[in-house]
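**Student:** Sequence:
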Amino acid sequence: MADFAGIAKQFTDFYYNQFDADRSQLAPLYRDNSMLTFESAAVAGAGPIVEKLSSLPFAKVKHQVSTLDAQPVEGGGIIILVTGALLVDEEQRPMNYSQCFQLLPDGAGSYFIFNDIFKLVFGKQDIETTKALYCSICSFYQELNNTTDTQ
Numbered sequence: 001m002a003d004f005a006g007i008a009k010q011f012t013d014f015y016y017n018q019f020d021a022d023r024s025q026l027a028p029l030y031r032d033n034s035m036l037t038f039e040s041a042a043v044a045g046a047g048p049i050v051e052k053l054s055s056l057p058f059a060k061v062k063h064q065v066s067t068l069d070a071q072p073v074e075g076g077g078i079i080i081l082v083t084g085a086l087l088v089d090e091e092q093r094p095m096n097y098s099q100c101f102q103l104l105p106d107g108a109g110s111y112f113i114f115n116d117i118f119k120l121v122f123g124k125q126d127i128e129t130t131k132a133l134y135c136s137i138c139s140f141y142q143e144l145n146n147t148t149d150t151q
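In this note's numbering, the protein residues as written are 1 to 151.
Bear in mind the hints are in silico, worked out from the structure with no lab data behind them. Even glycine gets a Cβ: it sits at the ideal position worked out from N, Cα and C. Be aware that one or more of the hints could be misleading.
Stated by the list, open to error - Below are the DSSO-like pairs computed for lysine-lysine, each with C-alpha atoms no more than 30 Å apart in a straight line:
1) Lys119 with Lys60
2) Lys119 with Lys9
3) Lys9 with Lys62
4) Lys62 with Lys52
5) Lys62 with Lys119
6) Lys60 with Lys9
7) Lys52 with Lys9
8) Lys52 with Lys119
Claimed, not checked - With beta-carbon atoms standing in for the labels, derived distance ranges:
9) Ser55 with Ala85: 28 to 34 Å
10) Arg93 with Arg31: 34 to 40 Å
11) Asn33 with Gln64: 15 to 21 Å
12) Val88 with Thr67: 17 to 23 Å
13) Ala21 with Val121: 21 to 27 Å
14) Asp3 with Ala59: 19 to 25 Å
15) Pro105 with Pro57: 30 to 36 Å
16) Ala59 with Pro28: 18 to 24 Å
17) Ser110 with Glu74: 29 to 35 Å
18) Asp69 with Asp32: 14 to 20 Å
19) Leu56 with Ala5: 16 to 22 Å
20) Glu39 with Arg93: 31 to 37 Å
21) Pro57 with Ala85: 14 to 20 Å
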């Protein structure tokens, strides 16, 4: 059995360094039968996957991996689960994410991404902040309506 943990670490280091430097160059890691689900939007095929990743609405990105878990898969593949944070453009607050890769052997001694699932993770603090903002906006509009009703 291959050193799946070492391969997973080497792969994720390469993937995120390449993504952060120039995500349009990720095509060699995917194949025509690969699939990406990015924030619930599914895309199939190396070309459309890289097109999707290249069209994301930010110029700069920096991934910070917090955890990496890997397991071998039947047929010599590797499944990898990554959690971490990413900073985009000039944002000061990182966004948490999780990403799962299924790597399969390519027959030439290397691996390709067969499945890739990416999801931003909004924690309780983000939800509470959003609720507080929503309540403030609702309160503002309620006061505005009360003011216009009395005029």
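**Student:** Are the hints correct? Go through all of them and say.
**Tutor:** Hint check results:
About 18 Å separates the Cα atoms of Lys119 and Lys60, which keeps this hinted pair within 30 Å; it holds. With a C-alpha separation of about 20 Å, the suggested pairing of Lys119 with Lys9 holds against the 30 Å cut-off. Using a Cα cut-off of 30 Å, the hinted pair Lys9 and Lys62 holds, with the two alpha carbons roughly 17 Å apart. A threshold of 30 Å between alpha carbons decides the hint, and for Lys62 with Lys52 the separation of about 18 Å falls inside it, so the pair holds.
A distance of roughly 16 Å separates the Cα atoms of Lys62 and Lys119; the hinted pair therefore holds under the 30 Å criterion. Of the supplied pair hints, the one linking Lys60 and Lys9 holds, its CA atoms being roughly 23 Å apart against a limit of 30 Å. Between Lys52 and Lys9, the direct Cα distance comes to roughly 24 Å. Compliance with the 30 Å bound is thereby established for this hinted pair. For the hint linking Lys52 to Lys119, the alpha-carbon distance of about 14 Å falls within 30 Å, and the restraint holds.
Here the CB-CB span from Ser55 to Ala85 is close to 22 Å, at odds with the stated 28 to 34 Å. Restraint check, Arg93 to Arg31: a C-beta distance of roughly 36 Å satisfies the suggested window 34 to 40 Å. Here the CB-CB span from Asn33 to Gln64 is close to 31 Å, at odds with the stated 15 to 21 Å. Val88 and Thr67 have their C-beta atoms about 21 Å apart, which keeps the hinted 17 to 23 Å range intact.
Distance hint check for Ala21 and Val121: the Cβ-Cβ separation is about 24 Å, which falls inside the suggested range of 21 to 27 Å. Taking 19 to 25 Å as the suggested C-beta distance range, the pair Asp3 and Ala59 does not conform, at roughly 36 Å. Separation of Pro105 from Pro57 is about 34 Å and conforms to the stated range, judged on CB atoms against 30 to 36 Å. Distance hint check: the CB atoms of Ala59 and Pro28 are about 23 Å apart, consistent with the given range 18 to 24 Å.
Hint check: Ser110 to Glu74, Cβ distance near 19 Å, so the stated range 29 to 35 Å is violated. In this structure the hint that Asp69 and Asp32 lie 14 to 20 Å apart at CB is violated, the actual value being about 28 Å. Taken as a hint, the range 16 to 22 Å is violated for the pair Leu56 and Ala5, whose Cβ atoms sit roughly 29 Å apart. Our hint of 31 to 37 Å for Glu39 and Arg93 is violated, since their Cβ atoms are close to 18 Å apart.
As the Cβ distance of Pro57 to Ala85 is approximately 18 Å, the hint placing it in 14 to 20 Å holds.
When each numbered hint is compared with the structure, violations occur for hints 9, 11, 14, 17, 18, 19 and 20.
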